[in-house]
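In order, the protein sequence lines correspond to chains A and B.
Under my numbering, the first sequence has 271 at position 88, and the numbering climbs by one with no breaks.
Under my numbering, the second sequence has 356 at position 173, and the numbering climbs by one with no breaks.
I should point out that these hints are in silico values taken from the structure, not numbers from a laboratory.
Check the hints yourself; a few may be wrong.
You can't tell identical chains apart in this list, so a pair holds if it fits in one copy or across any two.
Listed next, the in silico DSSO-like pairs over lysine-lysine satisfying Cα-Cα at most 30 Å (straight line) [claimed, not checked]: (1) K363 / K337; (2) K229 / K363; (3) K363 / K333; (4) K264 / K333.
There are 2 protein chains.
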Amino acid sequence: MNLDQELREVPLSEETVFEGILINVSHMQVQLPDGRTAPREIVNHKGGAAMVAIDADENIYMVRQHRVAVDEITLEIPAGKLEAYGDDPYESAVRELEEETGLRAENVELLTSAIPTPGYCRELLGIYMATGLSQHEDHLDEDEFLHVVKIPLKEAVARVMSGEFRDAKTIIGILMAWQKLHG
Amino acid sequence: MNLDQELREVPLSEETVFEGILINVSHMQVQLPDGRTAPREIVNHKGGAAMVAIDADENIYMVRQHRVAVDEITLEIPAGKLEAYGDDPYESAVRELEEETGLRAENVELLTSAIPTPGYCRELLGIYMATGLSQHEDHLDEDEFLHVVKIPLKEAVARVMSGEFRDAKTIIGILMAWQKLHG
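Bound conformation, chain A alone (with noise of 0.2 Å):
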């Protein structure tokens, strides 16, 4: 489409100004389309999975944790972070599911790949929906402390309309699972 040529912003450089272990920052000079020149601030991070587990009764499981960056005890979807750039996050968020709470699934779809904050991450995260669920045993990792929860899928669909479930992932996983359900 022609008139997308008018929107681009054309990368001129990109360096490294942080170096962490999750992430790492680059300064980005880009061309606007006018010609000008601005400054952009990246965060590179290798991505991440999440997983709605749905059971034959349509509950979902959902992990309680605390989140330190916002200082809150939340109820998430089962996620986690890739472990490598390019890593797939079907296996990924298979993994998570499994090590958080010991579920295991017979079918696993994508919902979506979302881009949490395209503003200034590179961060793309595959949430996936999983029926045919069994139990097994969970391993968590030994810096990971949480508590599963299993809730009905209605209930949590309230839960977000009331706003109480704010985090991203878990707002996009609950509504398409729900939509795809009954939409």
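Given the coordinates of chain A, assemble chain B onto it according to the supplied hints.
Below, chain B alone, put in the same frame as chain A:
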């Protein structure tokens, strides 16, 4: 709830390790529930605001723009970042809507205050729904380049469900508005 004490990570120290224009990064040391310590990388961001604007025929207004971080042309609901820590996202959502689309709204209600990436970022994102729209002049920031597109809300839901609309705030705004109006 007493059990939640078993989940809590206690911040022991926090040090800024990168200061940018849009974001800062800090290193935190936390005490885990079992007494050990662990490092945490935290992105500090002023927060943002976004608006699903719905007209009398149930069309929504979206902006087509280039996101250089993910090198994609996206369709997103109007949104922007807060100018300072502590700014009111409501005012920012109203301002961004008018700047980007020229629309003013009689009714604005909060859908949710989302946490886009609770694992590593302090950003909160107020997502609002606007109705009772009237058209005025837009006035884009000088480094904003975008096209406004009007789409039926029902079609927007379908384009979320097909995986085409991948921006997290856009998915959340569209599905919460749909659920509110038709759930």
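For each hint, the structure was consulted:
1. Both within a single protomer and between protomers do K363 and K337 lie at most 30 Å apart by alpha-carbon distance, with minima of 13 Å and 14 Å respectively.
2. Within a single copy, K229 and K363 get their C-alpha atoms as close as 28 Å, which meets the 30 Å cut-off; across copies the closest is 34 Å, which misses it.
3. For a Cα distance limit of 30 Å, the shortest separation of K363 from K333 qualifies both inside one copy, at 20 Å, and across copies, at 24 Å.
4. Proximity of K264 and K333 under a CA criterion of 30 Å is satisfied intra-copy only: 22 Å inside one chain copy versus 35 Å between copies.
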